[in-house]
Amino acid sequence: MSVFANLSPNLLIVIASIFGLLVLAQLIVFTLKKTKPNLDIEELSLRVRSWWIMVIIFIGALVINPSLSVVFLALVSFLALKEYFSMIPTRRADRRVLFWAYLAIPLQFYFAAIGWYGMFIIFIPVYMFLLIPARMIIGGDTQHFLQSAGTLHWGLMTTVYCLSHASYLLGMSVDTYLPAGNAGLLLYLILLTQLNDVAQYCWGKLLGRRKIVPLISPQKTTVGFFGGIITTTVVALALATLLTPFSLFHAACLGVLISVAGFIGDVNISAVKRDMGVKDTGTLLPGHGGILDRVDSLTFTAPIYFHFLNYFYL
Amino acid sequence: MITKCLKYLFWLVLMKPLVTIIIGLNIRNRERLPKDGPCIIVANHNSHLDTAVLVSLFPLKLLSKMRSVAAAEYFMKPKLLKWFATKIIGIIPIERGKAGTGFDPFTEVSASLNRSEIVIIFPEGTRGEAEQLQTLKRGISFLAKQHPQVPIVPIFLYGLGKSLPKDEALLVPFFCDVFVGEAFTWTGDGTTFMQHLQDSFTELAAELPQSRWL
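Protein sequence lines correspond, in order, to chains C and X. For the first sequence, position 160 matches number 160 in our numbering, and the numbering has no gaps at all. Just so we're on the same page, our numbering is the position in the second sequence counted from 1, plus 314.
In isolation and in its complexed conformation, chain C is listed as follows (with noise of 0.2 Å):
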């Protein structure tokens, strides 16, 4: 198959790995459904289900062509904003400058596929940061003005900009050797991000007890925590020569800070759930929730991961 021919050996491999890890989730969520009938594992089921769909989809748009996968990025990107916008209270007179908000995305998304670093890492802080209040001015209304401007700015940050650090990774031009080209750098982050979250989840449910933030998100453990950490570190370790230019040591450093930051992004995001009083951000993804639910360790890790990756490796 040509779409396969200019993917590398390496980067295969990973993929085959991912799709075998699925199938022995999906044969864990059979035989327990078969062994044990009066446990109640819909919710695994459901996010099992899920998680074939997102793989799928975001495999098969980084073996087909990177553009593909920043197009998909800004649209997970796009729904994660819209799924903050329809969960924070939101002005009437601001519906245009929401729209602004939107507008942004695709250009962000632009400037990180073609590699310009320069406009990608001051759009959103900088412009987008001064155009929302500019725009809100026309409007004129001046209640609520500063819980405007600042929840919309925090939303594009997080759900824009954060995540675009990601895609990013497909446009840079990296001096080192790279074993499985930008793919496998994206490849990495997006595997240990995700990675970590079900590995907090296993441990957390297998081993958990006591709770590591209880005000917050009472279902994550101490155990869930440090399992995720270990689990993380491993496979980092196992799979950087595969697709990063990364020392071992490195490979080591970074496994430990996506997890850490994996879990922060989680937390942060259930902490504005909690605060808007809501569950879910959405019903996307059956089992997981919405789209900002899953993608909520990614928004701290993309950015740490990319400047680990700037100040060690360009």
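Accuracy of the hints is not assured; some may be wrong.
[Unchecked claim] To be clear about the criterion: a stretch of chain C counts as covered by chain X if any three or more of its residues have a C-beta under 8 Å from a C-beta of chain X, and this derived list gives those stretches: (1) 82-90; (2) 98-110; (3) 272-284.
[What the hints assert, rightly or not] Far from chain X by the CB rule (all over 12 Å, computed), these chain C residues: (4) F19; (5) L24; (6) F30; (7) E42; (8) I122; (9) L170; (10) T176; (11) N182; (12) K205; (13) P218; (14) V235; (15) S247; (16) F308.
Rather than coming from a laboratory, the hints here were simulated on the basis of the structure. Computed from a predicted structure; not experimentally measured. A virtual CB, placed ideally from N, CA and C, is assigned to each residue, including glycine.
Given the coordinates of chain C, assemble chain X onto it according to the supplied hints.
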């Protein structure tokens, strides 16, 4: 024939993607949606998008059965709009404000129900202030009385009044929450019927997390 093709294309290529990707639906209790007509869908009305969302809840194979009741004086005046509203959207025009003249505004609607179609009605009568439920008009109860067998499914919509409120032309995407209520039929008298309908909406609206306009 051409009109029919245009209608399918319009819904498949424009409306379905608009509703599912640009707007996006969070549907609660989807399983309560009727599988086929005849039935009456009763929804609150905030936006022109309401009809688009309600029709999109049903599979495309039911498209030819989807009808929505709309104000004649609004949609039937300009010729192009009339063609669009009746042929593409599939509205049943209804004359408002003729109560007590002995004229039955529901003749067409009844005929449609007798053909086993799915009829969408907005008992608030009009799109009001964004996201504020107004008093329900009693007209719906006369229709239900004429069709005591036909199930009535209340659906509460939230979010479209933010995406495209009255008097705005610019669409700003927000997720739309769709709460499908329990189906019921004619209760025997107008007062209890209207009360039941009102209660259904209140109950569905209560599931909504509060994130109104600031």
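Here is how each hint holds up against the structure:
1. 82-90: holds (count 8)
2. 98-110: It holds: at least three residues are needed, and the stretch 98-110 of chain C offers 3 whose Cβ sits within less than 8 Å of chain X.
3. 272-284: Holds, because 6 residues of the stretch 272-284 of chain C bring their Cβ atoms closer than 8 Å to Cβ atoms of chain X.
4. F19: At roughly 27 Å from the nearest Cβ of chain X, C/F19 sits farther out than 12 Å, so the non-interface label holds.
5. L24: It holds; C/L24 is separated from chain X by about 31 Å at its closest Cβ, greater than 12 Å.
6. F30: holds (24 Å)
7. E42: holds (14 Å)
8. I122: Non-interface label stands for C/I122: nearest chain X Cβ at 26 Å, farther than 12 Å.
9. L170: holds (22 Å)
10. T176: Label holds. Min Cβ-Cβ 38 Å, cutoff 12 Å.
11. N182: holds (27 Å)
12. K205: C/K205 is indeed farther than 12 Å from all Cβ atoms of chain X, at 26 Å.
13. P218: holds (18 Å)
14. V235: holds (33 Å)
15. S247: holds (42 Å)
16. F308: holds (34 Å)
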